Amino acid sequence: MAIIESNQLLTFKLGTETYGIQINKVREILTYPTVTPIPDASRWVKGVINLRGEVAPVIDLRVRFNINNDPIYTQRTIIIAVKTQDNRMIGLVVDEVSDMENVDLERLYPAPDMGTSISPEYLKGLFKKEEKMIVILDIDRILDKDEMKRLSRQSTEAQNVYSASA
Amino acid sequence: MATFDINKYRQMFLEEAEDIFETIDTLLLGAEESNNMDTEAINSLFRSVHTLKGNSASVELAMFAALAHELEFFMDRLRNGELTFAEGMASLLLEGIDTLKQVLELELSEQLEDHFYETTKAVLLQKLNSFSEDAAEIIIISEVYADEEFGLIIPETFGDDFGLFDNHVQLQTDETPESMEDYFGFFDDEIPSLVVDEEMFGFFDDPAPAVINEDAFGFFDEMDIKAVTSDESEGFGFFTETFSAPEKKVESTLKVSKETVNIDKEVKKVKIDNTVSSIRVDLSKIDELMNNIGELVIAHSMLTQYTSTMEDQKIKSDLSERLDLIDRHIRELQESVMSVRMVPMETVFSKFPRVIRDTAKKLGKKIDFRHSGESVEIDKAMIEGLTDPLMHIVRNAMDHGIESSEHRLKIGKSETGILMMSAEQANGQMIIKIQDDGSGINVERVTAKAIENGVIEEHQATQMSKEEKAMLIFAPGLSTAQEVTDISGRGVGMDVVMSNIKKLGGIVKVETEDGYGTTLTIALPLTLAILDGLNIRVGEEQFILPLSVIIESLNPEPEMIKQIGDKSSEILMLRNEFIPIIRLHELFRIEPKYQEFSDGLLIVVRSGSDKIALFVDEFMNQQQFVIKPLDKNFRNARGIGGATVRGDGTIGLIIDTMNILDRTTY
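Protein chains in written order, with the working numbering: chain A, 1 to 166; chain B, 1 to 666.
Hints were generated in silico from the structure; no laboratory data involved.
A few of these clues could be false.
Computed list of lysine to aspartate or glutamate pairs in EDC-like fashion (alpha-carbon distance at most 16 Å, straight line) [stated by the list, open to error]:
no., chain 1, residue 1, chain 2, residue 2
1, B, Lys413, B, Glu513
2, B, Lys121, B, Glu87
3, B, Lys351, B, Asp388
4, B, Lys362, B, Glu95
5, A, Lys149, B, Asp631
6, B, Lys8, B, Asp388
7, A, Lys145, B, Asp282
8, A, Lys83, B, Asp631
Note that the structure is a prediction, hence the values are computed from the model and not measured.
Can you build the whole structure from these sequences, using the hints too?
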C-alpha cells in the first residue's frame, strides 16, 4: 500500500511566522493544563502532561528553535497534541492555532537555507498561499527519538557548565 | 472477509492452545517424574487434547485436528483402562505433543506438506501403537498362525479412527474384520465358527456385557492371560464366548458413535467451564478502561472544585457528601482494574519445567529445577518480554554452567545439578534470580575473549572488578563455549538477553564463584506494576517515593551531619552508619522551601545494597499509583524512574533511588 500523506494542514503561529503540520498527525488541541516539570530536563521540555491517560512530554517549539526564549504560559496557552510515527504522544506549545489549509504536498517549494527560523533539515518545504507563506514542519524529524536524546544531552552539558561556573 | 474472520478465530484458538499445551506439558512432566498417572490426570489430559481437536477443527486446521484426534484416541484408551500407563509413555506423549505443535505451526503458515505430515503421523502412530503391547502380541500371533491356518485377513493397523465406528456397524453383519478393534467390536456369528476349530487356534469371545461396558472394544490384560492359561492344548488363543445378543451389540457401538457425535456438546461444556473462572481480554482494553477511569477522576475533581466555589452552604455540603461517595467508588473501580492486569509469576515459571527437561535430556545432564515466589504478581504486559530472556539464561546455565553428571561426581558434587529460579518484590522492584550450582563463569577466559574480540582494551581489563568482567558475557558476539551446541554457544543470545531486559527497564547483575555456580539477578523496575508510594514535597514540586525503599525518616540533630572535604558532600551519621545525603532540590534543580536540614526532613532509603538519605521539605500522604512509562528521550534526570497519573489528572513523577546513587558516583 502506498503511503498516502494527508494534504490537509493545521496551521499555527510561532512568533510571527505561520507553520503547518499534517492534520493526520494531530490528535487534539488543548489549552495549557497543569504541566509537571521534569527535573533537569532541557529548557524546551516544559514537562509532562496527562493526555488521555498517556504521559506525554510537552515541548515548546518556540524555545526549541529559538523563536522566543522566554515565553509566558497562561491558561490560554495552546498545546497541539501530535502522535509521531512511532506512536509517541507529544504536546507542542504554539502561539496560536490559525486555520486549516489544503495543500498539494507534491508541489511544495523546497525550504531555503536561510530566511526561516527553523533549520531546513526539520522542514518538509514551503507553501505559498496568496500573500501568506506557510512553513511545513517535518514533525517526525523534529521529534525523532535520537534527535531528542542528542539534544537533551547537549543541553544538560551546557547547564552543567553554567552551574559550575556559577 | 471470510478469511479475515477465520484468522481472528485462529488467533483466539492459538492463545487458548498455548495454555492447553502448557497444561498438557505440566501433566505429562508430572507423570514422567512420578512414573504414574492417576485417573484425574488422564481425564484432564484427555479433555485437553479433546478441546484442542474440537477447536482446531472449528478454525479449519484439519491436519492438526486429525493428529490431535490420534492422540486423543490414544488417551481415550488410557482413560478407559484399555491401556495402562507404562514407563516411557509420558515421554512419548510429550513427543507427540511436540509433533502436534510443529504441525500447528506449519499448518498455520501453510507450509505443511502432505508428505511430511503423513510421515510424521505414521512415525508417531507407530510409536503410540508400540504401547499396546498386548494387542501387538496378538497381531503377531495372528500373523504367524492365523495367516497360515485360516487365511484370515490380517490386521495391519490397529489404532484406527473414531470415524470407523460407523463402519463397525456395517461391518458387523458380514465382513471380516480389518483391524483388531473391529474385531472386538465385532460380534458376529462367523467368529464362533472360527472358534469351533479347536484343534488349531480358537477365538473366544468374552462375556458380551463386559465388552459393552468397556465401550465395546479393547484389549485386556486379563483376557489375554486367561487366553494363555485356559487354552492349554494349543498355547495361544482368543477367547470369545458366544455372543448371544446381537441387538445389544448394536446398541453398544451406537453408544460409542453417539459419544463421538456428542463431541460438540462436550466442547461446549468445557468452554462454559472456562468462562466461569476466567476470560481472555486484550490488554489494550484494560488500558483503555484505566484511561477512562482517569478521565472520570478528572471530571470528578473538576466538579469538586466547582462545588467549593458555591455560595449556598446547604447545597454545597450536600453535594460534597455525594461527591465523596463517588470518589470512593472511583477509587475502588481503579483498584479493581489495576488488579486485573496482574498475574502470578507462576505463569512464567510454568513454562520452564518442560524446556529444562528437554534440554537436560539433550545435554545428558541431570538437573533439578526449583522455583519460588510463584505468587508474586507481575504485570501481564511484562511476561512476554521476560520469558525469552529467562529461557535463554536458563539454557545457558544448563549448557555452560552445570557440569555433566560424571564431572560433578568427580569433583564431589551431587550428581544432579540444581537450577533455582526465584521471584520477589523488594526495594520497589521485581527481583528475579536464576541460580545454578555449576562451575561458575570462567572470568579470565571471558575477559581474554573480550580483549580478543575487541570488546574491551587490555588496559581496561586490568582495572575491572571480577563482577565487571563477568558482565562481559553480555557483550555482543562473545562465547567462550569450547564447542557450539544447538542449545547455546554461538555468542548470540546473552547480549539479546541484556537488551531485552533493558527494554523492560531492568538491570542484570552477575555473581559468580569458581566451582560454586553463578547467580544472575534481574531487577525489573516497577514500570508496569502498581506502586505504594509516599508523596514528598520539594519546593513547589511533589514527587512520589516508593514506599518499599523507605527505611526511616528523621529530623536530624546538627551533630549527626558530617561534612567531608570541601563541604560539597554531606554524610549522615546514624547509629554508627555513614549515609550519604542527597539534597533532592539540588539534584532536581528546584528552589526549595528549606535549606537547613533541621527545617526539612531526611528520608533514609535503600538504593540497591546501599543506603542514602534524601533531604526533602516534607512528606505528605501515602497512596497507590499506577506506574506509567515515561518517555526517556526527553530527560537526563537520573533519579526519576517513572510517572503516574495523580488523582487530579496531573502527572506525578516517581523517584528511582537506584538511579540516584548512580548519579552521585559519576
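Original post:
CA of Lys351(B) to CA of Asp388(B), is that 16 Å or under?
Top reply: holds (10 Å)
Original post:
Are Lys149(A) and Asp631(B) close enough, with their CA atoms no more than 16 Å apart?
Top reply: Distance ~10 Å between Lys149(A) and Asp631(B) Cα, so the pair holds.
**OP:** Below or equal to 16 Å on CA atoms is what counts here, so check Lys362(B) against Glu95(B).
**Re:** holds (13 Å)
Original post:
Given the proposed pairing of Lys83(A) with Asp631(B), does the C-alpha separation stay at or below 16 Å?
Top reply: Given that 16 Å is the threshold and the Cα spacing comes to 13 Å, the pair holds.
Original post:
Are the Cα positions of Lys121(B) and Glu87(B) separated by 16 Å at most?
Top reply: violated (22 Å)
Original post:
Hey, Lys145(A) versus Asp282(B), does the alpha-carbon distance stay inside 16 Å?
Top reply: Violated - the C-alpha atoms of Asp282(B) and Lys145(A) are around 28 Å apart, more than 16 Å.
Original post:
Is Lys413(B) close enough to Glu513(B), meaning Cα to Cα at most 16 Å?
Top reply: holds (15 Å)
Original post:
Within a Cα-Cα threshold of 16 Å, do Lys8(B) and Asp388(B) meet the stated pairing?
Top reply: The hint is violated at about 25 Å.
Figure legend: structure checked against the earlier numbered hints; hints not met, in rising order: 2, 6, 7.
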